[in-house]
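Student: Once you've looked at the hints, dock chain W against the given chain U.
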Amino acid sequence: MASTYTAGDAAAYERLMGRWSPLLAERLIAFAGLEKGETVLDLGCGTGSLALALARRTEPGHILGVDIAPPYVAYAAARSADPRLAFHIGDAARLDLADASVDRSFSLLALNFMAAPSRALAELARVTRPGGTIAAAVWDFTGGLVYQRIFWDTAAALDAAAARARARQLSSPLTNDGELAAAFAAAGLKEVEACTLTIRQAYQGFDDYWQPIRNAEGPVGDYVKRLPPERLAALEAALEAAYCAGGADGPRSFAASAWAAKGSVG
Amino acid sequence: MTDHAPDVDPRLLEILVCPMTKAPLRYDRAAQELISLEAGLAYPIRDGIPIMLVDEARALDEAEKAALKAAPPPP
Chain U
1 MASTYTAGDA AAYERLMGRW SPLLAERLIA FAGLEKGETV LDLGCGTGSL
51 ALALARRTEP GHILGVDIAP PYVAYAAARS ADPRLAFHIG DAARLDLADA
101 SVDRSFSLLA LNFMAAPSRA LAELARVTRP GGTIAAAVWD FTGGLVYQRI
151 FWDTAAALDA AAARARARQL SSPLTNDGEL AAAFAAAGLK EVEACTLTIR
201 QAYQGFDDYW QPIRNAEGPV GDYVKRLPPE RLAALEAALE AAYCAGGADG
251 PRSFAASAWA AKGSVG
Chain W
1 MTDHAPDVDP RLLEILVCPM TKAPLRYDRA AQELISLEAG LAYPIRDGIP
51 IMLVDEARAL DEAEKAALKA APPPP
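As they're listed, the protein sequences go chains U and W.
Its first residue numbered 1, the first sequence is counted upward by one per residue in the numbering used here.
Its first residue numbered 1, the second sequence is counted upward by one per residue in the numbering used here.
Chain U extracted, bound-state conformation:
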């Protein structure tokens, strides 16, 4: 298995995460930079949030999006007619691009789900030209992603299986302090810099928070989809109490932070 992320329904992904990831994409692009005419790679492009954010910029000459999940790639490819965008299906650990064939590489919220992140980084270093920049971001599940900590901590208090799922999620590769930058250095990248990128997730009310989780993809969805109806109802009630936290149901804004790193190919 080349990815641990259950990816089937692109629209469900969009409701859970795709409405937020464009905000993070802008931050990652600002951190990594862009130059006129570059061929830019988006590895683990998913539903295309980063690739489309790149296409909103004038600098890229070509934008290549690669992902292993066919439903996500089809969704991404249908989102824009910008002729600079090209999507295909590929495996990050066995990348299908020639050596030094791209100028700059990105990976947004994907490396931690890959079965072999170190191989993916080695492949990025191979396909990016010497002197080119590689930049990536992964969610800080442990300390940065408030909406998901509310979910897992509430579920774990009700169910030992949720506690185990939370432990797996919080120990995902590269998602704890310093791990992403260390992986960049281990891949031989030079001038490695790390930072935290933060966005806000603004929910209209509990239903806006709950429905995307109820129909989620990925680790959250894998857990929720297995719950029998009465346990699901108990979780929903506990989550509503946690979301409202003693106040009236209504808008809430949760911080969402990702670890980011960039480095150049030596």
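Everything labelled a hint here was simulated from the structure, so no lab data went into it.
This one's a predicted model, so the numbers in the text were calculated from it and none came from an experiment.
Do not rely on the hints blindly, as some may be mistaken.
Below, simulated BS3-like cross-link-like pairs (lysine-lysine); rule was C-alpha separation at most 30 Å, straight line [stated by the list, open to error]:
#1 W/LYS22 <-> U/LYS190
#2 W/LYS22 <-> W/LYS65
#3 W/LYS65 <-> U/LYS36
Tutor: Chain W only, in chain U's frame:
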């Protein structure tokens, strides 16, 4: 594949290689396949999207390999 299948992006075609051997590919436009002679595999293209997964590729038979070896790669 129909005649209306979207074409693969030309820039992508220039830089795609076989994920197994990293060798250049031959584009069979009629069959909508990208062929790796070294690996003996044909990667399918569906709706203009190349599927560059070894597990999804079609194994070439001996007659196909012989014909490809005999024909010079396109310029």
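Student: If a hint holds in the structure, say so; if it does not, say that too.
Tutor: Hints, one by one, checked against the model:
no., hint, in the structure
1, W/LYS22 <-> U/LYS190, "holds (25 Å)"
2, W/LYS22 <-> W/LYS65, "holds (18 Å)"
3, W/LYS65 <-> U/LYS36, "violated (42 Å)"
In summary, the structure is inconsistent with hint 3 from the numbered list given earlier, while agreeing with all the others.
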